[in-house]
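Modelling step: build the complete structure from the supplied sequences, incorporating the hints.
Here the protein sequences come in this chain order: A and B.
For the first sequence, numbering that gives the first Met the number 0 begins at 0 and goes up steadily by one.
For the second sequence, numbering that gives the first Met the number 0 begins at 0 and goes up steadily by one.
Hints may contain errors.
The calculated lysine-lysine pairs, modelled on DSBU-like cross-linking and capped at a C-alpha distance of 30 angstroms, are [to be verified]:
no.: 1; chain 1: A; residue 1: Lys277; chain 2: A; residue 2: Lys180
no.: 2; chain 1: A; residue 1: Lys331; chain 2: A; residue 2: Lys217
no.: 3; chain 1: B; residue 1: Lys385; chain 2: A; residue 2: Lys180
no.: 4; chain 1: A; residue 1: Lys34; chain 2: B; residue 2: Lys277
no.: 5; chain 1: A; residue 1: Lys331; chain 2: B; residue 2: Lys82
no.: 6; chain 1: B; residue 1: Lys327; chain 2: B; residue 2: Lys126
no.: 7; chain 1: B; residue 1: Lys82; chain 2: A; residue 2: Lys277
no.: 8; chain 1: B; residue 1: Lys116; chain 2: A; residue 2: Lys281
no.: 9; chain 1: B; residue 1: Lys34; chain 2: A; residue 2: Lys281
no.: 10; chain 1: A; residue 1: Lys13; chain 2: B; residue 2: Lys327
no.: 11; chain 1: B; residue 1: Lys327; chain 2: A; residue 2: Lys34
no.: 12; chain 1: B; residue 1: Lys217; chain 2: B; residue 2: Lys145
no.: 13; chain 1: A; residue 1: Lys125; chain 2: A; residue 2: Lys331
no.: 14; chain 1: A; residue 1: Lys180; chain 2: B; residue 2: Lys145
no.: 15; chain 1: A; residue 1: Lys331; chain 2: B; residue 2: Lys34
no.: 16; chain 1: A; residue 1: Lys145; chain 2: B; residue 2: Lys281
no.: 17; chain 1: B; residue 1: Lys243; chain 2: B; residue 2: Lys126
no.: 18; chain 1: B; residue 1: Lys130; chain 2: B; residue 2: Lys217
no.: 19; chain 1: A; residue 1: Lys385; chain 2: B; residue 2: Lys277
no.: 20; chain 1: A; residue 1: Lys281; chain 2: B; residue 2: Lys130
no.: 21; chain 1: A; residue 1: Lys116; chain 2: A; residue 2: Lys180
no.: 22; chain 1: B; residue 1: Lys145; chain 2: A; residue 2: Lys60
no.: 23; chain 1: A; residue 1: Lys327; chain 2: B; residue 2: Lys13
no.: 24; chain 1: A; residue 1: Lys228; chain 2: A; residue 2: Lys125
no.: 25; chain 1: B; residue 1: Lys34; chain 2: A; residue 2: Lys277
no.: 26; chain 1: A; residue 1: Lys331; chain 2: A; residue 2: Lys123
no.: 27; chain 1: B; residue 1: Lys217; chain 2: A; residue 2: Lys217
no.: 28; chain 1: A; residue 1: Lys125; chain 2: A; residue 2: Lys327
No wet-lab data here; the hints were simulated from the structure.
Number of protein chains: 2
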Amino acid sequence: MLDSAVVAPHHAAKIVFNDHSVAEFKFIWLRDSCKCQLCVHEATGQRLLDSNSLDLNIRPKELYINDRGQLEIIWPDASQQEKHRSIFDASWLYRYGQCFMENTYEQQDVERNRPPKELWDREKIKKQFPKLSYTEFQSGDAGLRKWLEYIHIFGIAVIQGVPTQNQEEVREIVNRFAYVKQTAYGLTFDVLAEPKAAHLANTGRYLEHHTDLNYREKAPGLQLLHCLKSEVLGEGDEEAAGGKSFFVDGFHVAQWLEDHEPAAFHILTSTPLRFQIKMDGKRYSQLWPVIALDSHGDLAEIHYNNRTSGPLQAPNNVVIPFYHALKKFVDKLRDPASELVFAMSPGDVVAFDNRRVLHGRTAFNPRRIARHLKGCYVDIDEAYSKYDSLL
Amino acid sequence: MLDSAVVAPHHAAKIVFNDHSVAEFKFIWLRDSCKCQLCVHEATGQRLLDSNSLDLNIRPKELYINDRGQLEIIWPDASQQEKHRSIFDASWLYRYGQCFMENTYEQQDVERNRPPKELWDREKIKKQFPKLSYTEFQSGDAGLRKWLEYIHIFGIAVIQGVPTQNQEEVREIVNRFAYVKQTAYGLTFDVLAEPKAAHLANTGRYLEHHTDLNYREKAPGLQLLHCLKSEVLGEGDEEAAGGKSFFVDGFHVAQWLEDHEPAAFHILTSTPLRFQIKMDGKRYSQLWPVIALDSHGDLAEIHYNNRTSGPLQAPNNVVIPFYHALKKFVDKLRDPASELVFAMSPGDVVAFDNRRVLHGRTAFNPRRIARHLKGCYVDIDEAYSKYDSLL
Numbered sequence: 000m001l002d003s004a005v006v007a008p009h010h011a012a013k014i015v016f017n018d019h020s021v022a023e024f025k026f027i028w029l030r031d032s033c034k035c036q037l038c039v040h041e042a043t044g045q046r047l048l049d050s051n052s053l054d055l056n057i058r059p060k061e062l063y064i065n066d067r068g069q070l071e072i073i074w075p076d077a078s079q080q081e082k083h084r085s086i087f088d089a090s091w092l093y094r095y096g097q098c099f100m101e102n103t104y105e106q107q108d109v110e111r112n113r114p115p116k117e118l119w120d121r122e123k124i125k126k127q128f129p130k131l132s133y134t135e136f137q138s139g140d141a142g143l144r145k146w147l148e149y150i151h152i153f154g155i156a157v158i159q160g161v162p163t164q165n166q167e168e169v170r171e172i173v174n175r176f177a178y179v180k181q182t183a184y185g186l187t188f189d190v191l192a193e194p195k196a197a198h199l200a201n202t203g204r205y206l207e208h209h210t211d212l213n214y215r216e217k218a219p220g221l222q223l224l225h226c227l228k229s230e231v232l233g234e235g236d237e238e239a240a241g242g243k244s245f246f247v248d249g250f251h252v253a254q255w256l257e258d259h260e261p262a263a264f265h266i267l268t269s270t271p272l273r274f275q276i277k278m279d280g281k282r283y284s285q286l287w288p289v290i291a292l293d294s295h296g297d298l299a300e301i302h303y304n305n306r307t308s309g310p311l312q313a314p315n316n317v318v319i320p321f322y323h324a325l326k327k328f329v330d331k332l333r334d335p336a337s338e339l340v341f342a343m344s345p346g347d348v349v350a351f352d353n354r355r356v357l358h359g360r361t362a363f364n365p366r367r368i369a370r371h372l373k374g375c376y377v378d379i380d381e382a383y384s385k386y387d388s389l390l
Numbered sequence: 000m001l002d003s004a005v006v007a008p009h010h011a012a013k014i015v016f017n018d019h020s021v022a023e024f025k026f027i028w029l030r031d032s033c034k035c036q037l038c039v040h041e042a043t044g045q046r047l048l049d050s051n052s053l054d055l056n057i058r059p060k061e062l063y064i065n066d067r068g069q070l071e072i073i074w075p076d077a078s079q080q081e082k083h084r085s086i087f088d089a090s091w092l093y094r095y096g097q098c099f100m101e102n103t104y105e106q107q108d109v110e111r112n113r114p115p116k117e118l119w120d121r122e123k124i125k126k127q128f129p130k131l132s133y134t135e136f137q138s139g140d141a142g143l144r145k146w147l148e149y150i151h152i153f154g155i156a157v158i159q160g161v162p163t164q165n166q167e168e169v170r171e172i173v174n175r176f177a178y179v180k181q182t183a184y185g186l187t188f189d190v191l192a193e194p195k196a197a198h199l200a201n202t203g204r205y206l207e208h209h210t211d212l213n214y215r216e217k218a219p220g221l222q223l224l225h226c227l228k229s230e231v232l233g234e235g236d237e238e239a240a241g242g243k244s245f246f247v248d249g250f251h252v253a254q255w256l257e258d259h260e261p262a263a264f265h266i267l268t269s270t271p272l273r274f275q276i277k278m279d280g281k282r283y284s285q286l287w288p289v290i291a292l293d294s295h296g297d298l299a300e301i302h303y304n305n306r307t308s309g310p311l312q313a314p315n316n317v318v319i320p321f322y323h324a325l326k327k328f329v330d331k332l333r334d335p336a337s338e339l340v341f342a343m344s345p346g347d348v349v350a351f352d353n354r355r356v357l358h359g360r361t362a363f364n365p366r367r368i369a370r371h372l373k374g375c376y377v378d379i380d381e382a383y384s385k386y387d388s389l390l
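Right, dumping it as structure tokens:
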């Protein structure tokens, strides 16, 4: 509800809301936000008003609270045919006016309906293992929402009991909310032991914690891995056969680093490291800090893959500090207390935020383990657009 | 060529090259860069050496220039089985040592083989119109390279005479070097006049200069538009029928702004603007500065679309300066002296860097013009990986 609306100095309207908060809206901003049919295309919701055509010194002809409690402004537009009457609901002004409130500067939060993220270590994730059955996942919007919510909160979610007859089933899962993101590895890719591996993932070798495709201009946000086959062959200890998957919440480790080793945190957030790979005669190369922050200083992306990192290119006085900082970060990553470890069973689909959760696999003996995963990537903003639409 | 290599203070080897330049390489960096078969997987080129396992205080057991002029280091590794001998070519050290040269801090430049970009306005681009025939484009690597080079240099290239029988021909063009990037609009999309348009592009309306998909986490880098049909119907002035395409080099305009209006340039590079759209019940939303710079302060991306920009959310003292700065930028964008304008003919494929070159279309009368474009997007780093492989 609006208590009052008056013209204020400095080209602004001063609005008092009924909770006594006060915001000043610049006239040019109000005119530019006009939602009338001349300014917004009704069918598409896209803006017709060309901001650039506005008089930057525009002032309202009339400005008042109308009898429905809305702010109403009549503008002195150039032509009579295009006389604009802007009508703003109190709730809209209150929401978008947060950044104009006295003593506040709060951006409208697009994620405001989402629950907070929860960073985790081994103990925490074991208590709240984010899994659901394929039946539940398939049961309408509620199942899809639950799964997407797990991914938002924990950066990882497991669907159990996904059919394995169709090797491309993982695409059907993605098609429920978006589309598969193609890469140079194809629409989907196989992870299995191969005699002549073109990629280290396709050997029985231990794969350290890593994020994928750091050498691309934007690493894919969401990765899905569908276990089609995982059999222990022959005699002997199953544990010794190896091949377990592990996942670590990179945001949790980065947060730990910021809290306990702020100098190391600073170096890893400010030193770009080159990631690179050669594939089919093509070279991919990109610079990323190991811990990328957004403009608010919040954790945005983790980039770490020992196998594809290039020689550090930095001022010489940063070289040794960088190695020390990286060691603190990676030691904590590899601490068993950080890890979620489990043997993927046929029918498991693990989906994880590839820019938050690092993944890896213990070594395995390809003569003892027959293992086949089918994977794919998805633009994670597509996943979150769908998630937000279900909230 | 190496003149000398000696152990220096502060855990480094001091190398003098035969052009008298001097670089200091930290031991940990040299050990981490070892290219021996124990450290790098021969078949895949991926690193086997786990940086995190290294002794951060490692020192060479022996360090000398061998009889082939290479730097050779023998390391005192823990186990005798894994004794490492690192061999570095002088040229490799020289290239990667730029950042360790005294008084220099130059990163290895992955784009070093590419010609410089050329920013353009109307006069310049008219003299060097970056076009080639479909026949030339199809003539092996040389044609593909020429086309990709145009895109790198000018941010735009036209192929003429592309067959129009197959409406999806644009995918064949992309498949020569990469794969189509799917979006919520599909693998390809149509731009044509429709009676009930779900998107403003599909009306006869004037479309101002814009970049596409600013509301995604990463706007697609490369866009292709294939003109399948463009006929002027009925009597009267062809010019009056409208429907011409225009393109503007956003980097040129941004550079002009930095040179002539540095305060406006600063505001547009530092103020995030929200871009948003609702589609099929889903909301996409992303913050970008209109002019995004990289960490060196070089132009990286342009984001501007009047139709999808949301209410500015910024401290109140920035609101009016932002509108003034934007007007200076957009007025220059719309200056006819900035524009490349032409009527697309059937068979034309225009490809452009969607994060550098803004595009638009003059209004047209859908009763006079029958117009059909087929478009698609591509990850531009895929295009440049291919381009670099052809240099």
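Going down the list of hints, with the structure as the test:
{"no.": "1", "hint": "Lys277(A) to Lys180(A)", "in the structure": "20 angstroms, holds"}
{"no.": "2", "hint": "Lys331(A) to Lys217(A)", "in the structure": "25 angstroms, holds"}
{"no.": "3", "hint": "Lys385(B) to Lys180(A)", "in the structure": "19 angstroms, holds"}
{"no.": "4", "hint": "Lys34(A) to Lys277(B)", "in the structure": "15 angstroms, holds"}
{"no.": "5", "hint": "Lys331(A) to Lys82(B)", "in the structure": "28 angstroms, holds"}
{"no.": "6", "hint": "Lys327(B) to Lys126(B)", "in the structure": "27 angstroms, holds"}
{"no.": "7", "hint": "Lys82(B) to Lys277(A)", "in the structure": "27 angstroms, holds"}
{"no.": "8", "hint": "Lys116(B) to Lys281(A)", "in the structure": "21 angstroms, holds"}
{"no.": "9", "hint": "Lys34(B) to Lys281(A)", "in the structure": "20 angstroms, holds"}
{"no.": "10", "hint": "Lys13(A) to Lys327(B)", "in the structure": "28 angstroms, holds"}
{"no.": "11", "hint": "Lys327(B) to Lys34(A)", "in the structure": "25 angstroms, holds"}
{"no.": "12", "hint": "Lys217(B) to Lys145(B)", "in the structure": "26 angstroms, holds"}
{"no.": "13", "hint": "Lys125(A) to Lys331(A)", "in the structure": "18 angstroms, holds"}
{"no.": "14", "hint": "Lys180(A) to Lys145(B)", "in the structure": "28 angstroms, holds"}
{"no.": "15", "hint": "Lys331(A) to Lys34(B)", "in the structure": "27 angstroms, holds"}
{"no.": "16", "hint": "Lys145(A) to Lys281(B)", "in the structure": "17 angstroms, holds"}
{"no.": "17", "hint": "Lys243(B) to Lys126(B)", "in the structure": "20 angstroms, holds"}
{"no.": "18", "hint": "Lys130(B) to Lys217(B)", "in the structure": "28 angstroms, holds"}
{"no.": "19", "hint": "Lys385(A) to Lys277(B)", "in the structure": "11 angstroms, holds"}
{"no.": "20", "hint": "Lys281(A) to Lys130(B)", "in the structure": "25 angstroms, holds"}
{"no.": "21", "hint": "Lys116(A) to Lys180(A)", "in the structure": "25 angstroms, holds"}
{"no.": "22", "hint": "Lys145(B) to Lys60(A)", "in the structure": "57 angstroms, violated"}
{"no.": "23", "hint": "Lys327(A) to Lys13(B)", "in the structure": "28 angstroms, holds"}
{"no.": "24", "hint": "Lys228(A) to Lys125(A)", "in the structure": "24 angstroms, holds"}
{"no.": "25", "hint": "Lys34(B) to Lys277(A)", "in the structure": "15 angstroms, holds"}
{"no.": "26", "hint": "Lys331(A) to Lys123(A)", "in the structure": "16 angstroms, holds"}
{"no.": "27", "hint": "Lys217(B) to Lys217(A)", "in the structure": "7 angstroms, holds"}
{"no.": "28", "hint": "Lys125(A) to Lys327(A)", "in the structure": "24 angstroms, holds"}
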